[in-house]
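Q: This is what each chain is made of:
2 protein chains.
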Amino acid sequence: MTYTIKDVAKKANVSTATVSRVLNDQGGYSEKTKRKVLNVIQELDYYPSGIARGLTNKRTDTIGVLVPNLTSSLITEFLNGIESVAHKIGSSVIVCHTESHGIKTMKYLQLLHEKRIDGLILASTVLKKEYYDYIVKMRVPVVLLSAYSEFPVPYVTANDYEAAYTGTSYLIQKGHKNIGMISGNKEERIAGNLIPRVEGFKSALSDYNIPFNESYIEYGKFSIDDGVTGLKRLLNRVPDLTAIFTENDEIGMGVLSAAYNLGIKVPEKLSVIGMDDISLCKFMSPPLTSVSLSHNEMAEKAANLMFKLINSDTEVSNCILDHQIIERLSVRSQ
Amino acid sequence: MTYTIKDVAKKANVSTATVSRVLNDQGGYSEKTKRKVLNVIQELDYYPSGIARGLTNKRTDTIGVLVPNLTSSLITEFLNGIESVAHKIGSSVIVCHTESHGIKTMKYLQLLHEKRIDGLILASTVLKKEYYDYIVKMRVPVVLLSAYSEFPVPYVTANDYEAAYTGTSYLIQKGHKNIGMISGNKEERIAGNLIPRVEGFKSALSDYNIPFNESYIEYGKFSIDDGVTGLKRLLNRVPDLTAIFTENDEIGMGVLSAAYNLGIKVPEKLSVIGMDDISLCKFMSPPLTSVSLSHNEMAEKAANLMFKLINSDTEVSNCILDHQIIERLSVRSQ
Numbered sequence: 001m002t003y004t005i006k007d008v009a010k011k012a013n014v015s016t017a018t019v020s021r022v023l024n025d026q027g028g029y030s031e032k033t034k035r036k037v038l039n040v041i042q043e044l045d046y047y048p049s050g051i052a053r054g055l056t057n058k059r060t061d062t063i064g065v066l067v068p069n070l071t072s073s074l075i076t077e078f079l080n081g082i083e084s085v086a087h088k089i090g091s092s093v094i095v096c097h098t099e100s101h102g103i104k105t106m107k108y109l110q111l112l113h114e115k116r117i118d119g120l121i122l123a124s125t126v127l128k129k130e131y132y133d134y135i136v137k138m139r140v141p142v143v144l145l146s147a148y149s150e151f152p153v154p155y156v157t158a159n160d161y162e163a164a165y166t167g168t169s170y171l172i173q174k175g176h177k178n179i180g181m182i183s184g185n186k187e188e189r190i191a192g193n194l195i196p197r198v199e200g201f202k203s204a205l206s207d208y209n210i211p212f213n214e215s216y217i218e219y220g221k222f223s224i225d226d227g228v229t230g231l232k233r234l235l236n237r238v239p240d241l242t243a244i245f246t247e248n249d250e251i252g253m254g255v256l257s258a259a260y261n262l263g264i265k266v267p268e269k270l271s272v273i274g275m276d277d278i279s280l281c282k283f284m285s286p287p288l289t290s291v292s293l294s295h296n297e298m299a300e301k302a303a304n305l306m307f308k309l310i311n312s313d314t315e316v317s318n319c320i321l322d323h324q325i326i327e328r329l330s331v332r333s334q
Numbered sequence: 001m002t003y004t005i006k007d008v009a010k011k012a013n014v015s016t017a018t019v020s021r022v023l024n025d026q027g028g029y030s031e032k033t034k035r036k037v038l039n040v041i042q043e044l045d046y047y048p049s050g051i052a053r054g055l056t057n058k059r060t061d062t063i064g065v066l067v068p069n070l071t072s073s074l075i076t077e078f079l080n081g082i083e084s085v086a087h088k089i090g091s092s093v094i095v096c097h098t099e100s101h102g103i104k105t106m107k108y109l110q111l112l113h114e115k116r117i118d119g120l121i122l123a124s125t126v127l128k129k130e131y132y133d134y135i136v137k138m139r140v141p142v143v144l145l146s147a148y149s150e151f152p153v154p155y156v157t158a159n160d161y162e163a164a165y166t167g168t169s170y171l172i173q174k175g176h177k178n179i180g181m182i183s184g185n186k187e188e189r190i191a192g193n194l195i196p197r198v199e200g201f202k203s204a205l206s207d208y209n210i211p212f213n214e215s216y217i218e219y220g221k222f223s224i225d226d227g228v229t230g231l232k233r234l235l236n237r238v239p240d241l242t243a244i245f246t247e248n249d250e251i252g253m254g255v256l257s258a259a260y261n262l263g264i265k266v267p268e269k270l271s272v273i274g275m276d277d278i279s280l281c282k283f284m285s286p287p288l289t290s291v292s293l294s295h296n297e298m299a300e301k302a303a304n305l306m307f308k309l310i311n312s313d314t315e316v317s318n319c320i321l322d323h324q325i326i327e328r329l330s331v332r333s334q
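Protein sequences appear in the order of chains W and X. Quick note: the first sequence uses full-length UniProt numbering, first residue 1, plus one each step. Quick note: the second sequence uses full-length UniProt numbering, first residue 1, plus one each step.
Intra- or inter-copy, both count: the list cannot distinguish identical chains.
Straight-line Cα separation of at most 30 Å, DSSO-like style, residue types lysine-lysine; simulated pairs:
| no. | residue 1 | residue 2 |
| --- | --- | --- |
| 1 | K32 | K11 |
| 2 | K10 | K128 |
| 3 | K282 | K265 |
| 4 | K202 | K282 |
| 5 | K221 | K36 |
| 6 | K301 | K128 |
None of these hints come from the bench; they were simulated from the model.
Use the sequences and the hints to build the structure in full.
A: Next comes the structure, spelled out in structure tokens:
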């Protein structure tokens with residue numbers, strides 16, 4: 001025999017709304033009620049039917065998230081933020097990993113379409129025309145997280161140009177003049193917003209009348225390894241650097257690691273500042289100063305925006321979050 | 001008009017098998033053929049239909065993976081290993097995040113059942129009876145990764161007891177006698193195989209005639225923060241510790257961080273060894289010595305085992321992988 005939520009509610013002597021809240025861990029009931037409901041659920045071998053829910057309210061209570069990378073700490077922190085919002089609302093989250101690969105991205109968009117989802121978040125993904133065209137066909141709300149687009153898709157992101165300008169200015173204000181940068185990939189504009197970080201770096205130098213030279217920039221692919229090789233290459237070209245601005249914290253972590261192995265003391269001999277303020281920063285030796293782009297707030301805002309779009313047809317506005325320097329121990333005055 | 005794989009093959013003047021291999025990035029064709037096929041795909045606006053595939057061969061070419069945690073580096077490295085195997089085979093991967101939460105786990109099992117998957121991997125998850133009962137109903141192959149179970153479900157894992165014994169013996173052989181351990185959660189036996197690491201630690205001390213005292217063990221929840229607080233508590237109780245064995249690398253990273261902030265030099269004043277050998281170990285300052293449980297191989301073996309089960313009814317045997325010490329700079333002779 002298959003039981004329904006009504007059977008559970010009746011047997012536990014509570015309302016169906018209470019059963020639903022317990023199932024979705026939403027609070028608003030006593031510990032005793034929770035135990036009673038969970039006991040009945042176990043006793044009846046009842047599991048809420050997503051398909052039945054889907055038939056009732058035309059929803060599947062499932063959202064999809066496309067991510068380019070699962071070993072990036074920033075991405076996993078985004079996923080935690082999205083899941084926490086979805087969980088409160090009672091929605092499940094399907095995560096698909098595209099590796100920024102065009103055919104794989106299309107394959108996953110199609111998969112999510114087939115599996116039926118209520119909404120979609122694209123994290124740190126450049127919205128190519130083919131994706132946009134497919135998304136339009138999917139007819140579900142879509143929100144871009146940490147990316148923006150000229151297609152009419154709402155986004156929640158930061159101002160990368162200004163954040164990089166702030167990070168570089170911070171080093172300059174600490175008295176540094178010989179500042180190198182390790183950037184992400186020059187060719188692939190991942191998230192569509194990463195070259196602005198290079199421009200922000202250049203503008204800050206220019207505004208403080210510090211001559212800029214292309215040899216002060218090294219390009220990698222946003223990984224820790226790129227920080228390691230990037231520092232070695234930069235120091236080969238420009239041995240008198242006193243500070244490094246890195247395009248993300250993972251590159252910054254690589255710089256700390258390479259400096260340790262080269263016997264270069266941070267911050268005594270070299271100051272390092274990262275970007276994103278991922279949770280690993282504070283555990284580095286020394287703890288890594290970083291430009292925070294409020295990414296926890298960013299993920300939650302993107303998720304809330306998507307659920308708002310699922311629930312109504314109202315217009316939503318894009319959101320650009322503030323940034324701030326989180327001072328730790330990897331930068332010192334020159 | 002909707003095009004099929006046959007239309008693409010005809011127009012590109014290749015076989016449908018070649019189109020399929022290009023779509024799944026499986027190699028075995030020239031760069032020229034690949035470009036030609038991709039051009040035709042774009043021209044015809046063709047996307048392979050998973051539903052159509054499902055109707056033909058009764059498969060959905062989708063597998064599910066349940067993970068307890070997305071901020072654990074070990075878990076994201078497992079996911080990368082699984083995805084790499086699935087990608088070669090042409091299968092998509094749906095990732096669901098359970099937080100080791102019973103109701104959430106059941107919800108996601110049901111979701112994956114509804115969405116139709118060909119097979120399921122449960123990573124670092126204790127297989128409770130209710131999960132097992134539901135999995136039996138799902139009628140798809142299931143493999144446990146980094147966990148074992150008394151239920152008849154195949155698993156790929158390591159011998160945690162022996163690995164912890166080896167790690168502790170390594171410290172003893174380096175001359176350490178005052179060795180502390182920071183373990184995971186005492187109450188929740190996550191992955192069902194974590195208390196064995198404590199037993200391995202105790203057995204090594206006993207075999208070398210080093211007296212054991214419960215105050216030498218601190219319990220946390222496998223996070224970096226637990227390494228930070230764990231070291232402080234251990235040193236308060238036992239100030240003359242010269243080495244710490246940590247139950248996973250994240251706890252080990254927390255110990256390095258706390259030691260840095262307390263001004264305790266590693267390895268000069270304190271040796272630290274982690275477990276799992278996640279990719280962050282080599283980037284720590286100092287690089288963290290760790291007991292490798294071959295987790296990349298573990299994830300690939302689990303995925304290959306699951307696809308083997310999907311493709312045939314043959315019996316498969318469980319797999320327990322070897323471990324080895326990866327020597328870096330965080331341990332020195334006493």
